[in-house]
Amino acid sequence: MADKQTRTYEELLAEGAAVPTEGWDFSWFEGRATEARPSWGYATALAGRLGEADAALDIQTGGGEVLDFALTHAARSPALTAATEGWPPNVTKATARLRPHRVTVVASAEDAPLPFADETFGLVVSRHPVRAHWDEIARVLRPGGTYFAQHVGPGSAYEVVEFFLGPQPGEQREARHPDRERRAAEAAGLETVDVRAERLRMEFHDIAAVVHFLRKVIWMVPGFTVEAYRPRLRALHERIEAEGAFVAHSTRHLFELRKHC
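According to our numbering, the sequence shown is numbered sequentially starting from 1199.
No wet-lab data here; the hints were simulated from the structure. Hints are supplied without guarantee of correctness; some may be wrong.
Label pairs and their calculated CB-CB ranges [what the hints assert, rightly or not]: (1) P1298 to A1443: 32 to 40 Å; (2) E1441 to P1311: 46 to 54 Å; (3) A1294 to A1215: 19 to 27 Å; (4) E1372 to D1333: 15 to 23 Å; (5) T1290 to E1425: 49 to 57 Å; (6) E1372 to A1443: 22 to 30 Å; (7) I1416 to A1382: 18 to 26 Å; (8) E1250 to P1429: 16 to 24 Å; (9) E1396 to A1307: 39 to 47 Å.
Backbone N, C-alpha and C define an ideal beta-carbon position, used for all residues, glycine too.
All chains should be modelled from the sequences, with the hints used to inform the complete structure.
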């Protein structure tokens, strides 16, 4: 394969379309795209929480990468740790990755009720859930238990979204606003301990990175395929070639919520 700097547009498209999308390992983007990380360091903070928990649940674990890191670095593992995931390739990947930690990985659709009894867990966690089902989170938490999670915020990477889809309605941009999610969580019986939010710079250095990103984060441009968006991909490729990296901004917020005793 030619050096990255001399690859043709078609070669870059083909490369971005061929990279496997299972799990939440973003190491392929190294040298092609960057995203600043939130200051709170979620995975490391999670390790500390797991070290103090006796029963923990990770919702929508992906390929288990974040939970694996946190358990590896925790002072001790909970006596019971479970995880849910809805996409079959990720269920397989997470099961294998988390087996050394004795984590029970349960195949469960994102919009299904959590397959656990009431008040099973003292700690429920999630990194970038598609949607938080607050009633279910509150149901499986013990009184005094904690929900500790990093969510995608409002208008995240919307520079990318709107390049392909055009201007989006304000209501859609605000759907993940932390204030809105906090109110829904409190209505379900959770009290707010801490909420933090940050806006973070992203850079895409070639069109292969954009293609892989949109294939991996499928809700950004629903139904995305290279063929369906070839004209816009060509336009963005030419823009990157002429102007340098395409800049976008992700938004993230950290939740620490507690179930009423």
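Which numbered hints turn out to be false for this structure?
-> 5, 8, 9
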